[in-house]
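Asker: Start from the sequences and build out the full structure, keeping to the hints where you can.
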Amino acid sequence: MRLRVPPGAPAALKVLAAAGAAPAPVRPHLGGPAGESGTFTPPPGAHSQPRGSRLELDNGTVLFSANAICQYFYLCRGEEPTDLTTQWLEWEATELQPAVAAALYLRLVQGRAGPDTLGVLQHLLAHLEQHLARSGSTHLAGDAASVADVVVWGSLFPVLQDETSLPSELQVLRSWFRSMSLWEPCRDAAALLPEALRELRTHLAQHPPPLLNPRHEPQDEEGPERTLTDDDIAAAVDIWAQGPAALPPPRQPRTPVLPVEGERNVLITSALPYVNNVPHLGNIIGCVLSADTFARYCRLRNWNTLFVCGTDEYGTATETRALEEGLSPQELCDRYHAVHADVYTWFRISFDHFGRTTTPQQTRIAQDIFQRLLARGFLLQDTLEQLRCESCGRYLADRFVEGTCPFCGYAEARGDQCDKCGKLINAVELKNPQCKLCRGTPVVTPTQHLFLDLPKLEGQLEAWLERTWASGDWTANARHITRTWLRDGLKPRCITRDLTWGTPVPLDGFRDKVFYVWFDAPIGYLSITANYTEQWERWWKNPQQVELYNFMAKDNVPFHSVVFPCSLLGADDNYTLVKHLIATEYLNYEDGKFSKSRGVGVFGDMAKDTGIPADVWRFYLLYLRPEGQDSAFSWADLLLKNNSELLNNLGNFINRAGMFVCKFFAGTVPDMVLTAEDQRLLARLTLEIRQYHQLMEKVRIRDALRCVLSISRHGNQYIQVNEPWKRIKGDERDRQRAGTVTGVAVNVAAALAALLQPFVPGVSAAIQGQLRIPPERCGLGPGLTCTLPAGHRVGTVSPLFQKLEPEQVEALRQRFGGTQAKEPPPASVPTPAPNTSAAPGDPKLIQELTEQVAKQGNLVRQLKAAQAEKAQVDAQVAKLLELKQQLALAEGRSPEVPKGKRKK
Amino acid sequence: QVPVLQTNNGPGLTGLMTIAAHLVRQARKDQLLGSTAEEKAVVQQWLEYRVTRVNGGSSKEDTRTILKDLNMHLEDKVYLAGNIFTLADILMYYGLHHIMVDLTVQEKEKYLNVSRWFNHIQHYPGVRQHLSDVVFIKNRLYTNAH
Chain A
1 MRLRVPPGAP AALKVLAAAG AAPAPVRPHL GGPAGESGTF TPPPGAHSQP RGSRLELDNG
61 TVLFSANAIC QYFYLCRGEE PTDLTTQWLE WEATELQPAV AAALYLRLVQ GRAGPDTLGV
121 LQHLLAHLEQ HLARSGSTHL AGDAASVADV VVWGSLFPVL QDETSLPSEL QVLRSWFRSM
181 SLWEPCRDAA ALLPEALREL RTHLAQHPPP LLNPRHEPQD EEGPERTLTD DDIAAAVDIW
241 AQGPAALPPP RQPRTPVLPV EGERNVLITS ALPYVNNVPH LGNIIGCVLS ADTFARYCRL
301 RNWNTLFVCG TDEYGTATET RALEEGLSPQ ELCDRYHAVH ADVYTWFRIS FDHFGRTTTP
361 QQTRIAQDIF QRLLARGFLL QDTLEQLRCE SCGRYLADRF VEGTCPFCGY AEARGDQCDK
421 CGKLINAVEL KNPQCKLCRG TPVVTPTQHL FLDLPKLEGQ LEAWLERTWA SGDWTANARH
481 ITRTWLRDGL KPRCITRDLT WGTPVPLDGF RDKVFYVWFD APIGYLSITA NYTEQWERWW
541 KNPQQVELYN FMAKDNVPFH SVVFPCSLLG ADDNYTLVKH LIATEYLNYE DGKFSKSRGV
601 GVFGDMAKDT GIPADVWRFY LLYLRPEGQD SAFSWADLLL KNNSELLNNL GNFINRAGMF
661 VCKFFAGTVP DMVLTAEDQR LLARLTLEIR QYHQLMEKVR IRDALRCVLS ISRHGNQYIQ
721 VNEPWKRIKG DERDRQRAGT VTGVAVNVAA ALAALLQPFV PGVSAAIQGQ LRIPPERCGL
781 GPGLTCTLPA GHRVGTVSPL FQKLEPEQVE ALRQRFGGTQ AKEPPPASVP TPAPNTSAAP
841 GDPKLIQELT EQVAKQGNLV RQLKAAQAEK AQVDAQVAKL LELKQQLALA EGRSPEVPKG
901 KRKK
Chain B
1001 QVPVLQTNNG PGLTGLMTIA AHLVRQARKD QLLGSTAEEK AVVQQWLEYR VTRVNGGSSK
1061 EDTRTILKDL NMHLEDKVYL AGNIFTLADI LMYYGLHHIM VDLTVQEKEK YLNVSRWFNH
1121 IQHYPGVRQH LSDVVFIKNR LYTNAH
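Sequences listed follow chains A and B, in order.
For the first sequence, this note's numbering assigns the number 1 to the initial residue and increments by one for each residue that follows.
For the second sequence, this note's numbering assigns the number 1001 to the initial residue and increments by one for each residue that follows.
Don't read these hints as lab results, they were simulated from the structure.
Careful: at least some of the hints might be erroneous.
Claimed, not checked - Straight-line distance between alpha carbons at most 27 Å, and here's what the computed DSSO-like set of lysine-lysine pairs gives:
#, chain 1, residue 1, chain 2, residue 2
1, A, K698, A, K641
2, B, K1077, B, K1029
3, A, K663, A, K726
4, A, K456, A, K541
5, A, K420, B, K1077
6, A, K491, B, K1077
7, A, K593, A, K423
8, A, K698, B, K1060
9, B, K1029, A, K423
10, A, K541, A, K698
11, B, K1077, A, K423
12, A, K541, A, K729
13, A, K726, A, K855
14, A, K491, A, K579
15, B, K1110, A, K420
16, B, K1068, A, K579
17, B, K1110, B, K1060
18, A, K423, A, K491
19, B, K1060, A, K423
20, B, K1110, A, K456
21, A, K593, B, K1110
22, B, K1110, A, K491
23, A, K491, A, K456
24, B, K1060, A, K491
What the hints assert, rightly or not - From the structure, some residues in chain A lie toward chain B, with a derived Cβ separation under 10 Å:
#, residue
25, N59
26, I69
27, L75
28, E80
29, P98
30, I481
31, T484
32, S631
No residue lacks a Cβ here, since even glycine has one placed at the ideal position from N, Cα and C.
Answerer: What follows is the structure, encoded as structure tokens:
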């Protein structure tokens, strides 16, 4: 056991005092590392406490906390910690130490006089005084000096040194401090102090001043619901009165979409999906669906918007897969490209162009960027060692090699990873390597490669990032990942590969090589645009007019924030670089990961087989969008959100608003006479719409969706409170009120159609159809406006959503849970909502059913009490159960099936 | 904010570490505080580290230091106190959860020992409670090769 106590450590005193008080089986070394030990690993905490004491125990354990060392000495002599000693030690570590550090800093570094420095300690000294005075004992935890006394004394002594520096009103504390200082172990330790303080001064001066209060992260800006001011209300009433004039004019579709000077030109890309991976739900929400929602929003705002994406088709994986399937890589890509395109069509992704990377444009643009980088000296040559199979005449990518694992000896390890021990392998380290195709023995061969000189571009990159971050919206994770990369220093990155399926490298000596996918793939954004329009450069070489948004999952961030910008900055051709980088976290599947090979999770091509409409998928995925942190897809939650948010909240509101117009006003929107209450509703909803715009502009899609749902919740409440179905039967005034409420509600429904369009375009179109909203009144206004004036005729109103049943969802969960049978059951068709006259959630229906259940329940009890015939009782009980079930459905609960009943 | 436990006898207890240790003793699970003097001191040390360093509102820089410290410490240990599961693991898990959920895959790989320990603790019976399961990926995404 060895104890090292550096003399400059403020904590040295307590350790020495404790060692003396509880005779420790150890002799402390003062000063640097003890002679007999040549090297030692710095203990944890070394980064922040370079002057710490350390105690190395015989079993190799290291104690680096002075308090733990003191505790250890006391434990060795048989004194167990108590609640009270633990509490003092914790208090000393969390409260006293930071304050003491601040006081010492003031005195030793800033040279303030003793009494001045005690200010920061005042309340802590008062706490000690109070405790000692109240407990009536001479020491902190009882009447003998315990570890608590030593630790607190050791902390205080460097600041106080003498009890007379304590304010005279702290009498009890003074006498405790004096008796501690006179106690032999403490006195011996204190003799070292002058030396220690000098060292401490140097230490403190070299470090940032201690912070007394931990910094607090700014609170989330969304507080409780804002109170409405008169101005809010006046503004909302004004917007309402403007009617369709408040909406932006609908955009005239132009093909091709090109930037227009003086307009907001938005270029949106979503990460290019790799062609032979069928995208799963996580991929879909991560880029294409998020980008689509934003693109739709931009178009609704009448911004000039181009949204491009495509499949990333080059690379080893495609080549391998093609070999396995006996196809040419191009044939394989053709096949899978079609699969992708189908999936996205089904999900209603509104690409302006969905292209691919295997086009002549890609070759032309990638080679041009390469030549420019070469000409400007941003490329390096270096040699890599790679396995080459002579009989196949090719260099082998990692996954084309098998051999014996160098770690565990497993004979069939792959070139990138051992399946047995799971360790990552560098292919050239495999023992007895074999070419997977011909079983020949590959040999390690040096091969020349080209590298992008990132270190040389680092300065340019940082300057660009600084400018971009000042005005662009980058998600926190994107900024963070980028910073991490920069902090760790950029290294040259290899941009070539020994393959044939790729963009050829146009340079002598490298003509048998192709570009590595990460260099090549992002250029796909440019080439895909070039295949869409010859005038692609107006988008991609026009940073003055074009705002570029990149959507992706977080694993793609470095390529879009560091590597690709470096290529473009180095090529120096006035390229449009990313302004807003929007990265999501990961979506997990039911507490695990999506896995194609294990059949876990829902993949794009299967989503339509579930029988759940595309818009429900879109809604749920956007509702879950992993903004800020990972989220998880869950079937039970999907059912809940469908039945509660879509069906009972949104669908119910829009349906009722439309139904009231049809039923009570023969399909014609009635006259509206706004009361103060209606105006408050308009103001409230206008605030929500404003919030929606703010969030959407910052691409906080999930939060914006919450705003939409909140609007329909307000709408439901409004209907509920005003009960138009009752008032319509009342006198003239009541009838007029019913008209106003219905009219306002149906206009809110019309506004929802527009607000929902980016999220659930199919549902939005259905609402527009049912309410017969003319296309020019479907834009997004700054607030709630009257787009359906009195006299407007609505069409046929029908339910927008269907209920999901637990059995149906459970079947799907099992089918996609990875343990499914080989033959999946045929997709179940969603059962239509129960046949009730009003949509579920109707308060009137609920009330009626509740009354009926109560009445029927009484009847059953009466019959039973009167000992009626069993058949008669059973019939009434069955009726009661039926009613209860209807009630449950109306309330949106899943009806409980009384299973145990029969056994009785 | 410092937690306070109001007990039936005597004044209340203040501080996360104090209260947790008290409850552990109440529940007769003293082994969670370590058995030997060495173990007890080590548990004490990590509880202190937990309340002084891993205390919520820390900066990115602090967080990085903490993860570096722990990653180094856990290199050759199953639990914070070596081979025994203790209160230090439980409280550290709760202290780190908000940090771990926000880590990128790259960072989780960088702090591999912390990730391994964290994943182990979150699946330890009864530990996770209401907190979300943090997912760790088995296959590495980022390798050091360029």
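Asker: Checking against the hints above, which ones are violated?
Answerer: Going through the list in order, the structure violates hints 6, 9, 12, 16, 19 and respects the others.
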